[in-house]
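Protein chains: 2
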Amino acid sequence: MSMDALTYDEPSKAKKATLRKIEEKGEELAYLQRKARELGIPILVVVEGLSAAGKGTIINQMIQPLDPRGFKVSCIASPNRDEQMRPFLWRFWRRTPSADRMAIFDRSWYRSLLDAKINGVISEADLEKAYADVRNFERQMRDGGTLILKFFLEVSKKEQAARLAALQNNPATAWRVSDAVMERHAQYNDYLKAVEQMFKETDGEGGPPWLRVSSKSTKQATLKVLDHMVDTIQKRVDEVKEGTPALTATNRPHRPLFRDGPSLTTTDLSRQLSKEEYREMLGSRQQKIQDLHHEVYRLRIPVVIVYEGWDAAGKGGNIRRLTERMDPRGYEVIPVSAPNDVEKAHHYLWRFWTEFPKAGHVTIFDRSWYGRVLVERVEGFCTETEWKQAYHEINEMEDNFRHFGTALVKFWFHIDQDEQLRRFQAREHNPKKQWKLNQEDWRNRDKWKPYEEAVNEMFIRTHAPHAPWTIIEGNCKRYARIKALDVVIEAIEQKIADKTK
Amino acid sequence: MSMDALTYDEPSKAKKATLRKIEEKGEELAYLQRKARELGIPILVVVEGLSAAGKGTIINQMIQPLDPRGFKVSCIASPNRDEQMRPFLWRFWRRTPSADRMAIFDRSWYRSLLDAKINGVISEADLEKAYADVRNFERQMRDGGTLILKFFLEVSKKEQAARLAALQNNPATAWRVSDAVMERHAQYNDYLKAVEQMFKETDGEGGPPWLRVSSKSTKQATLKVLDHMVDTIQKRVDEVKEGTPALTATNRPHRPLFRDGPSLTTTDLSRQLSKEEYREMLGSRQQKIQDLHHEVYRLRIPVVIVYEGWDAAGKGGNIRRLTERMDPRGYEVIPVSAPNDVEKAHHYLWRFWTEFPKAGHVTIFDRSWYGRVLVERVEGFCTETEWKQAYHEINEMEDNFRHFGTALVKFWFHIDQDEQLRRFQAREHNPKKQWKLNQEDWRNRDKWKPYEEAVNEMFIRTHAPHAPWTIIEGNCKRYARIKALDVVIEAIEQKIADKTK
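From first to last, the protein sequence lines stand for chains A and B. Numbers 18 to 518, taken from the numbering used here, label the letters of the first sequence in order. Numbers 18 to 518, taken from the numbering used here, label the letters of the second sequence in order.
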């Protein structure tokens with residue numbers, strides 16, 4: 018809670034001048050908040066700092082002049098049970114601001130990393146991986162148009178001691194100075210070291226820079242923070258007004274092309290199974306999936322299955338065969354269509370991050386984030402820069418999933434144009450299935466070539482070793498169902514082996 | 018997990034016929050799901066039952082034919098930390114379906130009550146209160162147009178024992194038969210008694226009836242459940258097509274009018290404070306609020322403060338003075354304007370329920386659920402039946418908050434028409450404040466009379482003893498700020514006294 022609330026009783030002349038400046042800056046900030054909202058600029062403010070550095074007081078000064086319709090303060094405590102069962106950035110992705118919002122973080126993704134480092138519960142290798150994930154996250158946000166401001170409030174050990182003592186002396190606040198707080202105070206020097214490493218890993222180099230603020234005088238610190246916010250937001254507002262394009266990442270590490278991936282042209286669509294073969298094979302595989310589903314739950318392995326493919330390639334029926342014997346408490350099918358207004362106002366990966374399964378659960382995406390490099394590319398729903406950037410961002414997201422031990426399966430359901438035509442016509446003539454077919458399906462069909470090109474490029478750029486694509490030959494639905502089951506079984510068994518070895 | 022998955026290998030003739038019927042019913046259900054979505058009928062399905070009654074299997078059969086875009090399965094476990102800090106219906110309100118959705122609950126609000134009863138952690142009086150809250154909740158949902166279906170799967174003690182043994186004998190599922198499950202099995206008879214009470218409290222009488230289903234044969238049970246769903250949804254679809262109005266509650270308990278409440282006509286708007294008086298009074302009260310905010314957090318008291326009032330009555334500036342020294346980690350201002358698309362697709366109270374503060378936190382609603390009986394009534398945004406019904410529903414919601422120990426403050430900010438005109442004109446002439454004024458404000462002003470009538474009726478119908486209204490005389494902003502602080506301080510001190518006595 019606030020350490021040094023600003024006081025209004027009989028201020029001295031210098032104090033008065035500072036208070037007046039704070040008020041002025043606050044008014045400017047309120048004006049810029051409205052401008053940024055009008056221009057659709059999402060703003061993400063991170064306030065980090067040691068115990069008793071006055072984060073609460075400064076955030077309160079920051080939000081007082083703002084229009085409450087336009088911001089949200091998130092206080093980051095230790096992750097709860099639900100959050101612990103997701104990749105560590107999941108809870109922050111969920112809270113990233115939409116285009117008309119300012120998200121203010123009191124502590125942030127840095128908190129977990131600093132705490133883990135101090136408590137010695139993370140290896141240096143994992144910490145480096147985590148900082149890489151953080152850099153990617155911040156860069157993806159920035160490339161998506163989000164303005165990120167990061168403040169670090171500094172406080173000397175002596176000053177910290179004095180403030181904690183003051184808290185202890187007030188009966189209303191004494192309980193806040195817990196043993197944990199005192200322990201952290203004792204570890205002051207270790208914290209400083211961890212903080213220096215944090216700066217080294219995440220200050221600048223294309224990412225958003227840190228502003229270090231001495232919190233010795235809360236008023237001066239407040240003024241410095243507000244001043245920096247006004248300057249930075251003003252600059253972005255001007256850029257957007259002048260039509261300066263959103264930044265594009267310039268210093269991404271080089272990604273190899275995955276030339277060993279599948280290809281539509283060499284796929285053998287004649288593969289099939291007879292009714293009898295299918296009957297015989299289906300039951301045992303479904304039983305296997307049912308058993309593995311229990312194992313996955315017990316071992317807390319998250320499973321993500323992506324279904325992409327041509328219209329009418331049989332994804333729906335395939336998903337039904339896959340899930341028929343699963344426990345509905347442990348799986349969910351997420352159908353992905355055009356984003357709604359809320360989703361459009363966020364980063365395009367936001368809606369997929371938020372649907373990431375709890376560890377031990379299975380999420381099946383019926384269409385997915387690959388829409389960015391398929392339909393959005395072909396139909397011109399995003400810019401060329403955006404879909405080209407997306408390969409990289411998707412690889413990073415899937416890396417993130419992998420770091421968390423996810424079993425990831427990606428299917429492309431392939432049929433040929435003749436087979437698609439047959440199925441469209443069958444739907445047209447079946448009153449029960451007519452609803453499945455619309456004008457858009459016919460239009461997509463006319464763009465077979467550009468889609469084919471997009472699919473092949475998608476394979477080359479995202480068939481990473483730990484996130485491989487599998488083409489499902491779909492002309493024979495029975496064959497497709499057995500193959501999909503087999504691939505899922507193998508992927509899960511592999512993860513179980515990794516986890517239990 | 019599934020106890021008795023339907024098998025497809027070599028079924029007998031009778032089995033085959035049942036499977037065919039299940040498939041047919043599934044297709045009908047899928048058709049009705051689309052119809053209900055087109056007509057905007059939200060559907061809420063509750064599947065309750067004892068351990069090993071086969072809830073999972075039946076839900077999976079239910080969802081297999083459905084379009085995944087149209088439903089969501091929620092599995093209700095014990096409430097997590099976040100949920101425990103809210104009224105017990107909060108987590109269910111959050112999951113109520115929107116108009117284009119079917120929400121399927123595997124266990125539900127009944128789970129908590131059954132468990133609490135068996136474990137002896139709830140008094141009979143509290144249990145009765147909770148069942149009353151449940152009846153109100155289901156009735157509010159129904160009156161809002163939601164179709165509720167409740168299934169209870171029965172299983173004999175002998176059959177339960179056999180199924181648990183089967184689970185234990187399968188290495189993939191043995192771990193699921195935990196000590197807790199075996200303990201519940203041993204308490205079988207106690208459960209039956211608790212279940213009978215549940216039926217007595219919540220079966221019919223205007224509320225949605227229970228369908229009790231023997232789960233001896235999973236196939237027969239599935240068929241019975243699907244059959245009932247098809248019949249019930251078909252009936253509602255027909256009603257809506259024929260324009261039958263949504264049900265209105267017929268057997269609500271009589272609510273007294275609160276004639277001792279405040280009244281706009283007798284309010285003395287001449288009250289004021291000088292600058293010097295104000296200065297002197299403000300600091301100590303803000304300090305008091307700051308200290309109480311700590312206490313509220315420590316004692317885990319939720320605080321809800323409603324700001325209603327005329328346009329330009331000074332709500333914004335007042336909220337700033339109230340929160341100026343609070344810790345931003347412990348309070349949130351929720352500005353309420355016209356509902357967005359997602360909100361419109363839910364019950365009108367949904368967006369307020371979801372914003373209910375964590376115990377120990379303060380939520381300030383800048384406008385609120387009272388919009389239903391103010392702007393929505395006056396502007397005709399809802400029907401007369403709807404706003405008349407709302408008084409009752411709002412009283413019930415506030416009762417719910419009270420049962421949870423909430424400190425609730427409701428302000429009406431009052432100014433006279435001359436003062437409003439002066440403030441509108443001042444805004445018009447101040448470039449920094451012009452954005453605060455729009456055409457709608459002028460239009461609202463023309464409807465002063467009907468608004469006044471709505472406000473006075475609101476007082477009479479919702480000034481309940483534990484949820485009283487306070488008029489803030491707003492012509493003098495200084496007076497209004499001090500009075501609002503005093504009222505909040507008193508309400509919180511009262512709750513602290515209740516809690517610590």
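Hints are supplied without guarantee of correctness; some may be wrong.
Remember, identical chains collapse to one label, so a pair may be satisfied in a single copy or spanning two.
Cut-off 20 Å, straight-line C-alpha distance, at most; resulting in silico cross-link-like pairs (SDA-like, lysine to any residue) [said to hold, decoys possible]:
#1 K174 with G260
#2 K466 with G397
#3 K217 with W192
#4 K466 with G422
#5 K375 with E100
#6 K361 with A142
#7 K516 with R419
#8 K241 with M102
#9 K236 with D196
#10 K375 with R108
#11 K174 with E55
#12 K52 with M215
#13 K236 with G300
#14 K516 with A189
#15 K449 with W192
#16 K33 with G300
#17 K89 with R368
#18 K292 with N447
#19 K516 with H420
If you're looking for bench data, these hints aren't it; they were derived computationally from the structure.
How the hints compare with the structure:
1. Taking CA atoms no more than 20 Å apart as the test, K174 paired with G260 passes in neither setting, with 46 Å inside one copy and 72 Å between copies.
2. Taking the shortest Cα distances, K466 and G397 sit within 20 Å of each other inside one copy (15 Å), while across copies they are farther apart (53 Å).
3. In this assembly of identical chains, the alpha carbons of K217 and W192 never lie at most 20 Å apart, being 35 Å within a copy and 46 Å across copies at closest.
4. Taking CA atoms no more than 20 Å apart as the test, K466 paired with G422 passes in neither setting, with 36 Å inside one copy and 64 Å between copies.
5. Taking the closest pair of Cα atoms, K375 and E100 come within 20 Å of each other both inside a single copy (8 Å) and across two copies (17 Å).
6. With identical chains, the CA atoms of K361 and A142 are never at most 20 Å apart, being 36 Å at best within one copy and 48 Å at best between copies.
7. Within a single copy, K516 and R419 get their C-alpha atoms as close as 13 Å, which meets the 20 Å cut-off; across copies the closest is 48 Å, which misses it.
8. For a Cα distance limit of 20 Å, the shortest separation of K241 from M102 qualifies neither inside one copy, at 38 Å, nor across copies, at 37 Å.
9. In the homo-oligomer, the alpha carbons of K236 and D196 never lie at most 20 Å apart, since the shortest distance is 29 Å inside one protomer and 58 Å across protomers.
10. Taking the shortest Cα distances, K375 and R108 sit within 20 Å of each other both inside one copy (12 Å) and across copies (18 Å).
11. With identical chains, the CA atoms of K174 and E55 are never at most 20 Å apart, being 43 Å at best within one copy and 64 Å at best between copies.
12. For a Cα distance limit of 20 Å, the shortest separation of K52 from M215 qualifies neither inside one copy, at 32 Å, nor across copies, at 55 Å.
13. In this assembly of identical chains, the alpha carbons of K236 and G300 lie at most 20 Å apart only when taken from different copies (17 Å versus 71 Å within one copy).
14. Taking identical chains as interchangeable, the C-alpha atoms of K516 and A189 lie at most 20 Å apart only when they sit on different chains, with a minimum of 16 Å there against 48 Å within one chain.
15. In this assembly of identical chains, K449 and W192 lie within 20 Å of each other by CA distance neither inside one copy nor across copies; the values are 66 Å within and 43 Å between.
16. In this homomeric assembly, K33 and G300 come within 20 Å of each other (Cα to Cα) only across copies, at 16 Å, whereas the closest approach inside a single copy is 79 Å.
17. Taking the closest pair of Cα atoms, K89 and R368 come within 20 Å of each other both inside a single copy (19 Å) and across two copies (16 Å).
18. Within a single copy, K292 and N447 get their C-alpha atoms no closer than 23 Å, and across copies no closer than 79 Å, so neither meets the 20 Å cut-off.
19. For a Cα distance limit of 20 Å, the shortest separation of K516 from H420 inside one copy, 13 Å, qualifies, whereas the shortest one across copies, 47 Å, does not.
In terms of the numbered hints stated before, the structure departs from hints 1, 3, 4, 6, 8, 9, 11, 12, 15 and 18, listed from lowest to highest.
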